[in-house]
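Visitor: Please model the entire structure based on the sequences and the hints provided.
Those protein sequence lines, which keep their order, are chains A and B.
Sequence positions in the first sequence follow my numbering and run 1342 to 1724.
Sequence positions in the second sequence follow my numbering and run 13 to 384.
By construction, these hints were calculated from the structure, which means they are not laboratory data.
Keep in mind that a hint or two might mislead.
Covered stretches of chain A, going by a simulated chain B footprint (3 or more residues, C-beta under 8 angstroms) [what the hints assert, rightly or not]:
#	segment
1	1379 to 1392
2	1420 to 1433
3	1475 to 1487
4	1630 to 1641
5	1647 to 1654
6	1677 to 1687
Given the structure is predicted, the values throughout are model-derived calculations rather than measurements.
Glycine included, every Cβ here is placed at the ideal spot set by N, Cα and C.
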Amino acid sequence: MTLAYRSHPRQLSTKVRRVWSLVGKEARQIVRDPSSIAIGVVLPVLLILLFGYGLSLDVRHVPLAIVLEGPSPAATELAASFQLSPYFDVQLLTSMSRAEELMLARQVDGIVRIRPDFARHLSLGDAEVQILVHGTDANRARIIQGYAQGAVGQWAARRAAEGREVSAGPVSLRDRLWFNEANESRYFLVPGLIVLIMTLIGSLLTALVMAREWERGTLEALFVTPVRADEILLGKTLPYFALGMIGLALCLLAAKFLFHVPFRGSVWVLTGVSMLYLLVALGIGLLISSAVKSQFVASQVTMLVTFLPALMLSGFLFDLRSMPAPVRLVTYALPARYYVALLQTVFLAGDIWGVILPNAAVLAGMAAVLLLLTRGATRKKLA
Amino acid sequence: MLDAIRRILALMRKELLAILKDPRGRFSILVPPMLQTLIFGYAATFDLNNVPYAVLDQDRSAASRDLLARLDGSGVFRRVANLDRAADVQASINERRALLVIQIGQDFERRLLSSLPADVQVIADGRNSNTAGIALGYVSAVVEAFNADWRAAHDRVSLPLRVTTRAWYNPNLETRWHMIPGMIGTLTLLQTLLLTAMSVAREREQGTFDQLLVTPFRPAEIMAGKALPSMLVGTVQATTILLVAQLWFRIPFAGSFVTLYVGLSLFLLAAVGIGLVVSSVVASMQQAMLFTFVLVMPFVLLSGLITPLSSMPRALQYVTLINPLRYAIDIVHRVYLEGAGLGRLMPDLWPLAVIALVTLSAASWMFRHRLT
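Guide: So, in structure tokens, the structure goes:
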């Protein structure tokens, strides 16, 4: 701040100089305060690494027991079809009770049971393959079921192609996953992560810092200086806005160079909508802190109304359309929902204006309303 | 010995009073966990019940209509558009009007009637590939049913192979059965850690910690007096969530409550140990809060609740071994859904005991260290 002050003492208007010195003070506070560093820097980096490297909804190398109760060429071929699949790590067993023991101990996540008279029944036309999965983690279990059925289907198709007895069903499904052909969950987890980080910096950090100023009375001290209310607000928001944009840049770099997530839209659109979301997040943070004026309560409220919804109710992980109507209604009031739609589209699908314009318009509207409200709230306290 | 117990009880009473006297404290112990359990129960589900899809039916035959009617009647799929041109497919997906586009070619019925294989093409919006994959699974189940009926109705040889699937412990594979019991561990961890870390930090900040030191309490007694009330509050919270799971969401409880509470108390002991370590490091309430927050986040993400542990890279799987929440969630799942007894919980119980032992001794060492 002093640098800019000294270099152009005359050219800068007083207003800009006042805001600038507030920004300088705030920036120094961020750098010196371990808690700001923790939320603004450590947590985002931790989240990027965890989400990029650690978390995955992809199911590969499922430990699976195949119980061959009676060996026959057909049964061995079927088992081989599982062994060849990249999705399974197969253990061949001959006794069902041993397999059940393994499943109880969670050594395997599923059992494929091929009965002793499989070959004979196959020639009679009523053979059965039993697939058992451990259902505790329902999502994973369902994926495993699907893969196992796929492995059986491939075996059947191969036999049909060789002109043997099994014929495939009359209708077969050819599916294509647009935007994510490889079916990598990382491709939507990493863009979704940006929402979490922007929310952390924009809302949680800002709410905490402002609440601390209210708590300590340093904000009242500022009020008696010639600085005006909107200048204080500007001086508060600019550094956190900058911190948020740094977080965004970190995420983008990590997504591109560490995790190789495809980026099909334009950086400018992404930057633009991210700025809008950041303004909304800042607005919420400022509003909460000026409403409750206590760090503890501010952090609880911010967690409850911004961070948790950004994780659970934004469409980042869970599909919004399948939530019950009242919950779905609530999601329309949450800015994170619009930002997630934008992020997923700009990253994986490209600049699709039919998605970008309406969602960005909602964010812009929210930002305007929130900033006006904050301004009102701060001015009232001055009077 | 008796004196020590009496002193600890007095401290506990004081701690509980401090928590319960404050209306905000009373509120924050029960209401947020219940609200969160309800929200998570309804929102945190991978099960789909409303999949908007568009159709490009170029055949417009009885067979194609039958297949589509099955989709519409499944209760999961909602037809949002009947497309006329292949060019419209892209826009429906791109602009997120439909999650799936189902495309049936011109000669669909003709091929079926002449026993040729017929294709149905499904295009899914992979922007959330998990959701898309689940929706594709539902479509394939509908097609399977269509195939079976078609074969039966047209006297085709039935498929000589049947695949039957069954899921243990969660017959309908509902995500909710996984998530809500998981909440019992997750939400209590957050609150217990926070409560323990904050209660010591508050005394430090207000200077009452020094007053405690000049009383006849020994450091171990002070620690016990801080630890036990947090565990008590944690148990009450766990019970609240357990009640919501059983009475509201009607998830059947398969195990024994005694086993569950034995497992949970070991977990709470470990959580309180971590809270006490945090409290001995931090200087203020604000720092206590932030440290807790920064700790809880990886604990939750690496617990196996949201994404499976076995999908994580090997190195990270080793890191999860020191995560108490990982064991707690496993314990709750095993007791709640599988009905496991203590014997089968051993692989979860002893690591928790080790974590509790290490953190509690570290905390007590640091307490004494800071006291002198």
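Visitor: Which hints, by number, does the structure contradict?
Guide: 2
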